[in-house]
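Visitor: Sequence:
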Amino acid sequence: MPLELQDVDFEDGEAISLLQLSVFYDDIFNKTLFPGMSFDSLLAAAVARWPNDYSEPGCRYKKVVDTTTDEIVSFTKWKFINTHEDVKLPGQTGVPSSYIPSSPRAAAEGRDVQFSTDFVNKCLAIKTPLVGDRARMELHTLVTMPSHRRRGAASLMLEWATKFADQNGLICWTTASKEGLPLYQSFGFEIRGLVEMPMIDGSTSVSTCILRECRPCVAE
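The numbering used here applies: residue -3 is where the sequence shown begins, and numbers increase by one.
Don't read these hints as lab results, they were simulated from the structure. A few of these clues could be false.
Said to hold, decoys possible - Cβ pair distances, simulated, as ranges:
#1 137 x 34: 33 to 43 Å
#2 121 x 36: 33 to 43 Å
#3 24 x 209: 16 to 26 Å
#4 178 x 137: 14 to 24 Å
#5 19 x 66: 15 to 25 Å
#6 5 x 194: 18 to 28 Å
#7 198 x 63: 39 to 49 Å
What the hints assert, rightly or not - Result set (EDC-like, lysine to aspartate or glutamate): computed pairs, CA atoms no more than 16 Å apart in a straight line:
#8 159 x 82
#9 84 x 209
#10 123 x 134
#11 27 x 108
#12 123 x 209
#13 159 x 81
#14 27 x 209
#15 73 x 49
#16 58 x 108
#17 75 x 134
#18 58 x 23
#19 174 x 23
#20 58 x 0
None of these values were measured; they are calculated from a predicted model. All C-beta atoms, glycine included, are put in the ideal place defined by N, C-alpha and C.
Turn these sequences into a full structure, and let the hints guide you.
Guide: Written out as structure tokens, the structure reads:
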């Protein structure tokens, strides 16, 4: 069952929304961020947000497809900050000509705004002194179906992203879970700080802020 990296189309919205929620719904961080929200309610909200999320300026999505079944098994979303290098990549496809982006973009339904704000501010306190206004790619989302993990899907996406970053003089930034950190480190990301947040069950979640400096490209 070979895997293939592909660009995401507008029509992939429902499949991607379902994939992301199926992976994260029972995660304690998600439960804290969206307290009391049902699976169906969160899914409906994600599908409704998809046109704006997909069409967001300076963002690019990639997906990994199992070519035997044509199933999307993983996807990623990157934001390009202080750079226009994203124009070198294929643009969004399949967006209806009648679609008009919402302005400003609506907040996710059911989100604990205070928790979200506190998390973002803690991340910014670490990130801002390190990256300033440097041109960069920020990883917003990377999700893989549990049944397809350890097949190399995430590596396919990180290989593409880090190669593009190196070719275009960009640093990369994201936050990682304890489980995902070793994979990021294998692609050159380095730990720059920790963000601790209280969870709804009384536990503490720790997110790791990681930075990857641009590396000189090796001639192929």
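Visitor: Return the numbers of the hints above that this structure violates; sort them in rising order.
Guide: 1, 3, 6, 9, 14, 16 and 18
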